[in-house]
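Colleague: Residues per chain, in single letters:
Number of protein chains: 2
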Amino acid sequence: MEKDKTSEFLTKEQIIAASQETLRRFGVAKTSVTDVAKLLGVSHGTIYRHYKSKKELLEGVTAQWLEDEVIAPLTAITKDQSYSGEGIRHLKVYIEALIRLKRHYAESDAELFEMYARVTQESAEIIDKHVQHLIRHLREIIQQDNQFKFSNPDVVATAILQATARFHHPAHAYEWLSPTIDAEFAQVWLLLEKGLLHLDQERE
Amino acid sequence: MEKDKTSEFLTKEQIIAASQETLRRFGVAKTSVTDVAKLLGVSHGTIYRHYKSKKELLEGVTAQWLEDEVIAPLTAITKDQSYSGEGIRHLKVYIEALIRLKRHYAESDAELFEMYARVTQESAEIIDKHVQHLIRHLREIIQQDNQFKFSNPDVVATAILQATARFHHPAHAYEWLSPTIDAEFAQVWLLLEKGLLHLDQERE
Numbered sequence: 001m002e003k004d005k006t007s008e009f010l011t012k013e014q015i016i017a018a019s020q021e022t023l024r025r026f027g028v029a030k031t032s033v034t035d036v037a038k039l040l041g042v043s044h045g046t047i048y049r050h051y052k053s054k055k056e057l058l059e060g061v062t063a064q065w066l067e068d069e070v071i072a073p074l075t076a077i078t079k080d081q082s083y084s085g086e087g088i089r090h091l092k093v094y095i096e097a098l099i100r101l102k103r104h105y106a107e108s109d110a111e112l113f114e115m116y117a118r119v120t121q122e123s124a125e126i127i128d129k130h131v132q133h134l135i136r137h138l139r140e141i142i143q144q145d146n147q148f149k150f151s152n153p154d155v156v157a158t159a160i161l162q163a164t165a166r167f168h169h170p171a172h173a174y175e176w177l178s179p180t181i182d183a184e185f186a187q188v189w190l191l192l193e194k195g196l197l198h199l200d201q202e203r204e
Numbered sequence: 001m002e003k004d005k006t007s008e009f010l011t012k013e014q015i016i017a018a019s020q021e022t023l024r025r026f027g028v029a030k031t032s033v034t035d036v037a038k039l040l041g042v043s044h045g046t047i048y049r050h051y052k053s054k055k056e057l058l059e060g061v062t063a064q065w066l067e068d069e070v071i072a073p074l075t076a077i078t079k080d081q082s083y084s085g086e087g088i089r090h091l092k093v094y095i096e097a098l099i100r101l102k103r104h105y106a107e108s109d110a111e112l113f114e115m116y117a118r119v120t121q122e123s124a125e126i127i128d129k130h131v132q133h134l135i136r137h138l139r140e141i142i143q144q145d146n147q148f149k150f151s152n153p154d155v156v157a158t159a160i161l162q163a164t165a166r167f168h169h170p171a172h173a174y175e176w177l178s179p180t181i182d183a184e185f186a187q188v189w190l191l192l193e194k195g196l197l198h199l200d201q202e203r204e
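Here the protein sequences line up with chains P and X, keeping their order. The first sequence: position 18 = 18 (UniProt numbering), numbered continuously. The second sequence: position 77 = 77 (UniProt numbering), numbered continuously.
The shape of chain P in the complex, shown without the other chains (with noise of 0.2 Å):
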């Protein structure tokens, strides 16, 4: 009775919490629903009454630890009013935040950058939600300079993410340790940026 208790003020994020921290603990391979349900004290049947299997569940930590540990700290940038007038520099910064976010995880947190990388090729759905996000932002940085007068910018903004992709997609993670993955981007961005400064002088 105690358990059934518990379980009916369960909420999402509860679950959501207990599962990052079995994440951590064993891995994605070696987490079950069960050990979910352990740790919250609750029987296996009141996980699955949230998520339907082990593959729902880490769908929803995965787009969680999206919102919370990229898509948050990116908003913040998107909406920093400092650039004005620096549109290109404004759509740099961000771009390096973005590899920035990804090589840490990668790095100091690796159970849940795993997690991160399977549901990208597994979830198309919850990836595509995260991608069309991170074009919003860089539309949005797009808009807020006078300065740019693409006729889409919807397009220009998917062009410069799908261009640094093999900085920051995490199929790319074996390739960030590289000691010269630095300069590497220092290069293409130089070409977007002689790019994006010229595609916007002439039509698109």
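Take these hints with a grain of salt, some might be off.
To be verified - Straight-line alpha carbon distances no greater than 16 Å define the calculated EDC-like cross-link-like pairs of lysine to aspartate or glutamate that follow: (1) Lys55/X - Glu125/X; (2) Lys129/P - Glu67/X; (3) Lys129/X - Glu175/P; (4) Lys54/X - Asp109/X; (5) Lys38/P - Glu21/P; (6) Lys129/X - Glu67/X.
No lab work stands behind these hints: they were computed from the structure.
Using the hints, position chain X against chain P.
Modeller: Positioned in the frame of chain P, the structure of chain X alone reads:
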């Protein structure tokens, strides 16, 4: 005795051909050195004399596959003299061919493509050699065109390859089925093209 005689004359090429056949039949995970030996009618010790492990064998097969299926057709494009004065178009034709080849094998030769994707993540040396070959090709195209005046063509070649990684790096194969992938490449290329034109006119 008969078997020992055969093994004496077994070339790396024969082992690689038999490995490809075995990989296509059983898949990467289920292929063993013993399967390859069986197909050749030799003992597995004979294979181990050439390749010390399954990992080494997969690396050998991948290196050969990349050479025959990717580098050979791209070398022909690189040497093609019909793009005289049209360096940008030559670069685009090259990158589009690279994309087409990768997509073709991801779709129609899934087992060998999976092997290649796996080796890409696990065997830095093989893949580094392959990437360096692609960069040499791009540099050669840049140097054929007198209009380009980059002080460091290698750096520009590397940036072009990396900025288009999403469209040809095997880790992104699951994204290539998207109905918008071609339009997305076109936009990334437009940005790079503008960048190349203006990186060239100004200082690097």
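Colleague: Which numbered hints does this structure break?
Modeller: 2 and 4
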